[in-house]
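The listed protein sequences derive, respectively, from chains A and B.
Everything in the first sequence is counted per the numbering used here, starting at 1 for the first residue and increasing by one.
Everything in the second sequence is counted per the numbering used here, starting at 1 for the first residue and increasing by one.
Please note that a few of the clues may not be correct.
Think about it this way: if two alpha-carbon atoms lie no more than 25 Å apart in a straight line, the pair counts; the simulated DMTMM-like pairs of lysine to aspartate or glutamate are [to be verified]:
| hint | chain 1 | residue 1 | chain 2 | residue 2 |
| --- | --- | --- | --- | --- |
| 1 | B | K102 | A | E64 |
| 2 | B | K102 | A | E20 |
| 3 | A | K69 | A | E20 |
| 4 | B | K102 | A | E66 |
| 5 | B | K102 | A | D54 |
| 6 | A | K61 | B | E101 |
| 7 | A | K69 | B | E101 |
| 8 | B | K102 | A | D85 |
| 9 | A | K61 | A | D85 |
| 10 | A | K78 | A | E20 |
| 11 | A | K49 | B | E101 |
| 12 | A | K58 | A | D85 |
| 13 | A | K78 | A | E66 |
| 14 | B | K102 | A | E88 |
| 15 | A | K78 | A | D54 |
| 16 | A | K58 | B | E101 |
By construction, these hints were calculated from the structure, which means they are not laboratory data.
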Amino acid sequence: AQSVSQHNHHVILSEAASLELGCNYSYGGTVNLFWYVQYPGQHLQLLLKYFSGDPLVKGIKGFEAEFIKSKFSFNLRKPSVQWSDTAEYFCAVTPDNYGQNFVFGPGTRLSVLP
Amino acid sequence: KAGVTQTPRYLIKTRGQQVTLSCSPISGHRSVSWYQQTPGQGLQFLFEYFSETQRNKGNFPGRFSGRQFSNSRSEMNVSTLELGDSALYLCASSLGTGAYEKLFFGSGTQLSVL
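With the hints as extra help, turn the sequences into a complete structure.
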């Protein structure tokens, strides 16, 4: 069965610090990779996605993620976080063309201190 | 454009009862998927419907069922409720089926089983 792990349960940063959230998945075939974000009191929303091509993908609000196939990783990065980035971040994977049965990671709560 | 609407927002039931949750997708969206979110297990895929047909099903017992109507609205039903069914149930809609489609999530229905 596929699984997704996220390295940190809770990350606390000061504004302007750099962010990297780890995500690893277990699945031997071709996958599609996603990062979703849930801001306090809001719905889950798509941050960025990777299907194929350039392994460095850019998303909304200055976020980017790098797919490293050999490491089964899809880490999320942002060079300088803002207080408004405080949210819960979920990494998700679905086997290619397998529909919408995403496998989500447990989530990482990010708290950015002003 | 209205977002994904889930009703009711909160629900309290007792063990052994059954419950029906409703999801109205964004207008024009034909795919609806359901997820269970708990602090221990995170987000877990329940099932996906597209054009009134179940496309994929997660690893949940048969007590969990769903359906989709011709107007794309979807319901999920849980029979013989157990304490462990207490969770936030999220619905997501998309234009079409498949992992390439962007999911739009609702606010969820918080189910408490006493």
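Here is what the structure says about each hint:
1. Taking the CA atoms of K102/B and E64/A, the gap is near 17 Å; set against the 25 Å cutoff, the hint holds.
2. The straight-line distance between the Cα atoms of K102/B and E20/A is roughly 24 Å, inside the 25 Å bound, and the hint therefore holds.
3. With a C-alpha separation of about 18 Å, the suggested pair K69/A and E20/A falls inside the 25 Å cut-off, and the hint holds.
4. Taking the CA atoms of K102/B and E66/A, the gap is about 20 Å. The hint holds against a cut of 25 Å.
5. For the suggested pair K102/B and D54/A, the alpha carbons sit about 19 Å apart, so the restraint of at most 25 Å is met.
6. With a CA separation close to 20 Å, the supplied pair K61/A and E101/B stays within the 25 Å bound.
7. Distance check on the hinted pair: K69/A and E101/B sit about 22 Å apart at the alpha-carbon level, within 25 Å; holds.
8. Under the criterion of a C-alpha separation no larger than 25 Å, the hint pairing K102/B with D85/A is consistent with the structure, at around 21 Å.
9. Under the criterion of a C-alpha separation no larger than 25 Å, the hint pairing K61/A with D85/A is consistent with the structure, at around 9 Å.
10. Distance hint between K78/A and E20/A is fulfilled; the C-alpha atoms sit about 7 Å from each other, no more than 25 Å.
11. For a cut-off of 25 Å, the pair hint linking K49/A to E101/B stands: about 11 Å separates their Cα positions.
12. Proximity of K58/A to D85/A is assessed by CA-CA distance (about 16 Å); at most 25 Å being required, the pair is judged to hold.
13. Only pairs whose Cα atoms come within 25 Å are accepted, and K78/A paired with E66/A is accepted, the gap being roughly 11 Å.
14. Pair hint K102/B plus E88/A holds up; C-alpha atoms about 19 Å apart against a cutoff of 25 Å.
15. Taken as a hint, the K78/A and D54/A pair is honoured in the structure, with Cα atoms around 18 Å apart against an allowance of 25 Å.
16. Using a Cα cut-off of 25 Å, the hinted pair K58/A and E101/B holds, with the two alpha carbons roughly 17 Å apart.
When held up to the earlier numbered hints, the structure conflicts with none and fits them all.
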